[in-house]
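**Q** In order, the protein sequence lines correspond to chains A and B. Quick note: to get the numbering used here, add 34 to the position in the first sequence (first position is 1). With the numbering used here, letter number 82 in the second sequence gets 78, and the count goes up by one each step, no holes.
Treat each hint with caution, since some may be false.
[Unchecked claim] What follows is a list of derived Cβ distance ranges for each label pair: (1) Leu90(B) to Gly236(A): 46 to 56 angstroms; (2) Glu22(B) to Arg206(A): 41 to 51 angstroms; (3) Leu119(A) to Asp60(B): 26 to 36 angstroms; (4) Pro298(A) to Ala51(B): 38 to 48 angstroms.
[Claimed, not checked] Simulated coverage check for chain A against chain B, where a stretch passes if three residues somewhere in it have a Cβ under 8 angstroms from a Cβ of chain B: (5) 177 to 186; (6) 189 to 199.
Note that these hints are calculated values from the structure, not bench results. Remember, it's a predicted structure, so these values are computed and weren't measured experimentally. Think of the CB as a built atom: it goes at the ideal place given N, C-alpha and C, for glycine as much as any other residue.
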Amino acid sequence: MGQWIIAYTPLVDLFLLHLGFAYAQYIVLRAGVFSLATAGLAGIGAYTAGVLAVKLGAHPALGVAAATLAGSGAALVLSLPLARLRGVYQAIATVAFVQIVYSVNLWAEPVTGGAMGLNNIPRTAGTGVLAVAALGTLYLVWAMERTRLGRAFNAIRQDEAMAATLGVDIVRHQALAFALSGAIAGLFGALEAYHAYALDPGQFAFPFLIAILSYVILGGRNSVAGPLIGTAILIILPELARPLAENRMLIYGVMLILVINFLPRGIADSLILAWRARRLARPEPAAGEP
Amino acid sequence: MLAVEALALRYAGIRALRGVSLSVAEGETVALIGPNGAGKSSLLNAISGIVRPAAGRIRFDGRDITALPPWEIARMGLIQVPEGRQVFAEMTVLENLLTGRTALAGRAEIFSLDDVFAMFPILRERAGQLAGSLSGGQQQMLAIARGLMGAPRLLLLDEPSLGLAPLIVAQVFRALAGLKARGLTILLVEQNARQALAASDRALVLEQGRIVHHGPSAELARDPDVIAHYLGQGDTGAMTQQGGG
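Can you make the complete structure from the sequences, with help from the hints?
**A** This is the structure:
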């Protein structure tokens, strides 16, 4: 048993970290913002925490707090120009943002270490810390679903104009969703920095963006369980068959194409809809379909 | 209460409204009738702030709301019930109704959850069901009920009878009569001119972006021109076809 736990700890840690990133992505999508900025916001958080620890010897708690603030601050600033864009234009603009964060991390070598990466970060975040952060995030998202705020996010996603005529302030809610998403991305970026000993700019670039998006698309964008299911499958699956792990990005790509074509709502949402449809049909005898 | 002055609106170069003026006084039900494409929905969308007019001014309670975002207009109590039974399909009936409360923004409610359930008992039965699984008529009732949850002082109703069976249309108009009796101010857009004139105090006829007739509904219902164009065959299908003339 002990051996088993030790053998699988890296996988559990990876899962917990990516679960956080998946929920950061989920929150903006649920509020109807087609933002792919999560990877860049995580990069800002990771480098904020990493630089504070390595260059200034700051306490990890301070690093985590600063990274969370930096993530949500950057997201808030980003939400201003994005409020004027919609749909695919938001996606393009936020991909550009991820690229800018990557370039800045590469360019600011005296601070970030550039292409050589930021090394010798003290490891202060173990499995326990990651688990607390992931569970906390999960609880936050789950609780939000049941509030007025969660309903407003749902309403905006389904029909923005209709939500607006019912009194839902679109600009304020989308900025809020962005700030929340940025805070979560920044927090888990910091945990990544304090977990992995080293950071390099490429970690938070385009492949990372695709990975985070895959978790949410595969799992489902609407129900709270969606990102959890998507992350679990995409993190664990390549590990079960070792040769697959080498081609993680290839698997994600194929999976995305299959899911978008055959299960566009993702696993969790499709299951919930099927279950609801069955419950509606129950008054009639279940057996004997024509 | 509501004053629209010389409103002009363009959609991709097409002039949807060409200088429309109208007013609605407190407690009144005003009907806006006219053929398909006359600009009726455009006018409502401009009033609720979804589209920006090219010229003209809209005042609500004396305050200029022409440039306000739609949510601020809704929070003042000017609430639109959108056309085509638009509900949040992936939310339950109850969640739809609670979302309607957003427009309260600190104002006192006028219609409670029990009030709207009493008005449309089917919504109470289906409260936990997804709105997308309701029938067309039930979705229309939900859209109206959701608007009422936001304490409207002026309710804008966009084609409440569109695509509904006659029996359901009668039910919807009975509900509107009930709202009118409670003193609610209503601006009703309808293609079904006969029903709209019967349900309103005053009416305006909009054609090609202009108001071509206006007056007390009872008078318009006797106007030979209006009869010829809008009440001729007595059923809605024939009216739509004559719309262009």
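**Q** When the hints from earlier in the document are held up against this structure, which numbers fail?
**A** Violated hint (a single one): 2; every other hint is consistent with the structure.
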